[in-house]
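> Letter by letter, the chains look like this.
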Amino acid sequence: MSPNAGPGTGFLDLGSGVSLIVACGPGGVGKTTTAAALGLAAAVRLDARVLVLTVDPARRLADALGLSGIGNDVSEVPASFFRDAGVKAKGSLSVAMLDASASWDHLIRSTAKSAAEADEIIANPLYRNITTRFSRGHEYIAMERIFELVQTGDYDLLVLDTPPSQSAVDLLDAPERMADFFSSRLLGWLTAPLRSRLLNFATRPFTALADRVLGTQFLTDTSRFFLLLQGMYDGFVARSNKVSALFQSPSTAFLVVTTPEVIPMQEAERFLGVLSERKLHLAKVITNRVLPASLVDVSTRRLAERLATSDVDLSTETPWHDLGDKAAIRRVLGAIGDNYMNFAALAGMQRILLDAFAKDHHEAIEVPHLLDEVVDAANLLRIGNLLFEDASL
Amino acid sequence: MTGEQVAPPEILDLSLLFITGKGGVGKTTLAASLGLLAAERGRRVLVCAMERAEDLSLALETPELTYRPREILPGLYAMAMDTEDALREYLVVQAHLPPIGRIGAVADAFDFLASAAPGVREILTIGKLCYEVREHHYDLVIADAASSGHFIGHLAAPVGMHELAGIGAIGDQTRWILDILEDPSRTGVVVATTPEETPVTEALELCERLGVVTGVPLAAVVANRVLPEMFGRRDAALFERLGEGDLVDALARAAGTSGEELGRLFEAARLSAHLRSREVDHLDRLRSGMEPSIPLVLLPMLFATADGLAGVRALAGALEDELA
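Order-wise, the sequence lines are chains A and B. The numbering of the first sequence is our numbering, which starts it at 1 and goes up by one. The numbering of the second sequence is our numbering, which starts it at 1 and goes up by one.
Incorrect hints may have been included.
[Unchecked claim] List of simulated lysine to any residue pairs, SDA-like, C-alpha gap at most 25 Å:
(1) K326(A) - D246(B)
(2) K242(A) - R289(A)
(3) K326(A) - L58(B)
(4) K242(A) - L58(B)
(5) K279(A) - D179(B)
(6) K242(A) - Y155(A)
(7) K88(A) - M230(B)
(8) K326(A) - P228(B)
(9) K359(A) - D246(B)
(10) K113(A) - G308(B)
(11) K359(A) - L58(B)
(12) K326(A) - G308(B)
(13) K359(A) - E229(B)
Honestly, the hints are just simulated from the structure, not real lab data.
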């Protein structure tokens with residue numbers, strides 16, 4: 001399958017070689033639910049071992065899948081779940097959560113030269129701080145964990161639900177940034193105070209500045225930490241490069257999840273730009289929370305306007321004589337007229353955004369409003385079916 | 001609101017507001033609207049995007065925001081936080097170092113170090129906001145802050161930093177920063193949410209952790225995009241009855257339209273009622289999980305409003321009604 005394949009090329013067709021789907025998008029658009037629904041539908045339809053990796057404990061999702069919880073360890077969705085949901089699954093579905101701390105520890109242990117070195121790094125107070133705060137840390141570790149799971153060969157299809165990125169680019173840049181950091185002069189500077197008592201001339205402005213701001217003790221601790229980390233340079237860079245290669249390979253497809261609102265759609269657009277710039281493979285754009293088409297009907301809207309202005313003659317027929325006064329009926333009709341106009345405005349705006357997006361970019365798969373809000377087996381299957389039917393298997 | 005012992009100050013009377021909440025609940029629009037409303041009331045206001053500055057510039061329909069504040073509307077200034085600029089300003093204004101034109105590579109290094117070191121970045125950025133308050137450059141500083149996941153960590157940084165002994169010049173700065181942050185007559189956190197499951201859950205967690213982890217006061221919880229009630233209880237019963245098949249047809253004839261069109265109106269009304277009843281459950285959960293003395297401000301869903309400045313103005317209008 002060629003990278004950047006157009007719409008309708010069957011991104012879930014495992015025969016085409018896609019084995020990793022990365023769900024990206026702004027926060028609060030229902031990404032986790034979409035990723036889970038996709039994984040579920042794949043497990044039902046394909047003879048494949050499917051794994052969904054979420055970024056948070058996703059309590060409701062665990063409940064919906066009949067699991068006691070979603071943790072760092074992989075747990076398989078029980079057969080009873082499929083039975084209760086009334087479906088026969090050709091494949092299997094497993095779920096795990098991305099636990100950034102645990103994953104960092106694992107990474108350090110597998111890259112460090114010795115157990116003692118790994119222990120010292122993990123015990124350093126700066127370590128936790130870096131792994132939880134370094135701005136690209138979360139993105140990087142998500143990429144790293146999925147790479148490791150791909151390597152196990154235990155799964156035919158992995159669906160990764162990504163952390164909401166500051167910007168889409170951060171996510172894709174994460175492995176490279178990590179490699180850059182380890183090969184940069186910066187690391188040299190940071191470790192300089194320990195390597196030599198006689199500071200190199202070039203490092204002096206930095207250390208003077210840092211000393212002024214941060215204090216000497218802090219600098220010494222930092223230097224010690226980076227000196228340790230530097231020992232892992234080769235291992236880190238090699239791994240980062242492999243992670244980058246995985247995301248660029250044609251077996252990886254990106255799913256852009258958004259909602260039909262101005263800012264999320266802009267973010268989706270920005271992400272599409274990044275994907276095409278890097279010749280990465282876009283699978284589909286999915287917009288959640290699309291209001292029903294019945295809300296954008298012109299003649300219904302006209303009726304709604306009339307009702308809102310009480311322009312209805314209730315005198316001609318009288319099946320409502322026992323319902324109370326006509327004023328109350330007019331009031332109710334006026335309210336539902338107003339309500340329709342409100343929702344019509346919202347739905348109309350969604351339609352404009354979706355049509356403009358389809359014209360400029362891609363036709364998005366539209367997932368109806370409400371489906372993603374109630375996370376249960378039936379809704380997950382419904383969303384999954386929607387995603388699959390579009391994928392022209 | 002009834003039964004409060006000590007009424008907290010009106011949020012717009014404070015000097016420093018942090019707007020936080022789950023991603024996607026409308027934090028930026030809320031921050032901009034609060035700023036606009038305060039400016040319209042004659043206060044000199046600074047709105048600062050702590051991250052994702054492009055969202056704030058979209059909301060205010062203004063070109064890219066910079067560290068140097070710009071007056072967007074009369075009395076309403078906006079800026080984008082930048083750690084490097086904040087560091088430069090800190091070094092000159094507070095550490096009394098000579099100005100450095102380009103700190104370039106040193107700044108890169110510092111940027112990384114600031115990510116690594118506990119609270120350095122936050123001391124600089126939150127410190128900048130407090131500095132504007134301390135110097136009375138503005139009557140009100142509004143931070144469009146990080147989303148709930150990171151917010152507490154940012155706000156707790158000065159406390160953590162203050163507890164770490166011998167950490168250098170910045171450590172000494174923390175005392176006056178904390179004095180401002182922990183003063184309920186000056187500073188308040190506004191937690192934004194929407195009446196949906198996850199945003200409400202996150203809002204409640206945030207309110208609780210704010211008290212446990214930091215001494216920064218909670219000023220208000222704002223529930224954004226609340227659907228209006230279509231009608232009262234008696235009319236709701238009438239609505240049910242009217243929606244029955246025979247009556248819909250009769251009503252359609254009276255209105256000179258097809259049953260299908262009228263049916264769509266009823267369908268939309270049922271959708272709205274369904275959404276609304278679910279929202280009411282979430283709002284109940286929110287109210288009962290909050291301290292009774294904290295105001296819960298409900299802002300209506302603004303259906304027809306475009307994003308950008310029109311949306312900000314509309315929300316400011318709604319806020320005006322809610323905040324006496």
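> Compare the structure with each hint and give your call.
Status of the hints after comparison with the structure:
Taking the CA atoms of K326(A) and D246(B), the gap is about 17 Å. The hint holds against a cut of 25 Å. With a C-alpha separation of about 37 Å, the suggested pair K242(A) and R289(A) falls outside the 25 Å cut-off, and the hint is violated. Only pairs whose Cα atoms come within 25 Å are accepted, and K326(A) paired with L58(B) is rejected, the gap being roughly 47 Å. Straight-line distance between C-alpha atoms of K242(A) and L58(B) comes to about 38 Å, which puts the hinted pair past the 25 Å bound.
For the hint pairing K279(A) with D179(B), the CA-to-CA distance comes to about 52 Å; that exceeds 25 Å, so the pair is violated. For the given pair, K242(A) sits about 18 Å from Y155(A) by alpha-carbon distance, which is consistent with the 25 Å threshold. With a C-alpha separation of about 43 Å, the suggested pairing of K88(A) with M230(B) is violated against the 25 Å cut-off. For the suggested pair K326(A) and P228(B), the alpha carbons sit about 23 Å apart, so the restraint of at most 25 Å is met.
Among the hinted pairs, K359(A) with D246(B) is inconsistent with the structure: their alpha-carbon atoms are about 43 Å apart, more than 25 Å. A distance of roughly 54 Å separates the Cα atoms of K113(A) and G308(B); the hinted pair therefore is violated under the 25 Å criterion. Restraint check: the Cα-Cα separation between K359(A) and L58(B) comes to about 23 Å, which is no more than 25 Å; the hinted pair holds. With a C-alpha separation of about 42 Å, the suggested pairing of K326(A) with G308(B) is violated against the 25 Å cut-off.
The suggested pairing of K359(A) with E229(B) is violated, with an alpha-carbon distance near 37 Å, which exceeds 25 Å.
Of the numbered hints listed earlier, those contradicted by the structure are 2, 3, 4, 5, 7, 9, 10, 12, 13.
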